[in-house]
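Q: Numbering (the numbering used here), first residue to last: 1445 to 1497.
It should be emphasised that the hints constitute simulated quantities derived from the structure, not laboratory data.
Check the hints yourself; a few may be wrong.
What the hints assert, rightly or not - If you anchor each label on the Cβ, the simulated ranges turn out as follows:
no.	residue 1	residue 2	range
1	1484	1462	14 to 22 Å
2	1456	1496	18 to 26 Å
3	1470	1490	19 to 27 Å
4	1492	1471	16 to 24 Å
5	1460	1488	33 to 41 Å
6	1488	1464	19 to 27 Å
7	1494	1470	17 to 25 Å
8	1496	1464	25 to 33 Å
9	1487	1466	33 to 41 Å
10	1494	1471	17 to 25 Å
11	1487	1457	34 to 42 Å
12	1486	1462	38 to 46 Å
Glycine included, C-beta positions come from ideal geometry on N, C-alpha and C.
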Amino acid sequence: MEMVNELHLFSNNESLDDLSSVEIRYMCLPAILGYFNAQQNENRISCIRLALV
1445 MEMVNELHLF
1455 SNNESLDDLS
1465 SVEIRYMCLP
1475 AILGYFNAQQ
1485 NENRISCIRL
1495 ALV
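Between the sequences and the hints, there should be enough to build the whole structure, so can you do that?
A: Structure below.
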């Protein structure tokens, strides 16, 4: 996730029509990371905080 942010894959002046299907999959990363972090049972509070990011 940090790498996606550091690479600036998305520009504020781009619309959804400007994005390719390859770029759209990176937009799903926060949801995917949140899902898998929510599935962890150890140290539940820190997992929930991480999933909210």
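Q: Sort out which numbered hints this structure fails and list those numbers smallest first.
A: Failing hints, ascending: 1 and 6.
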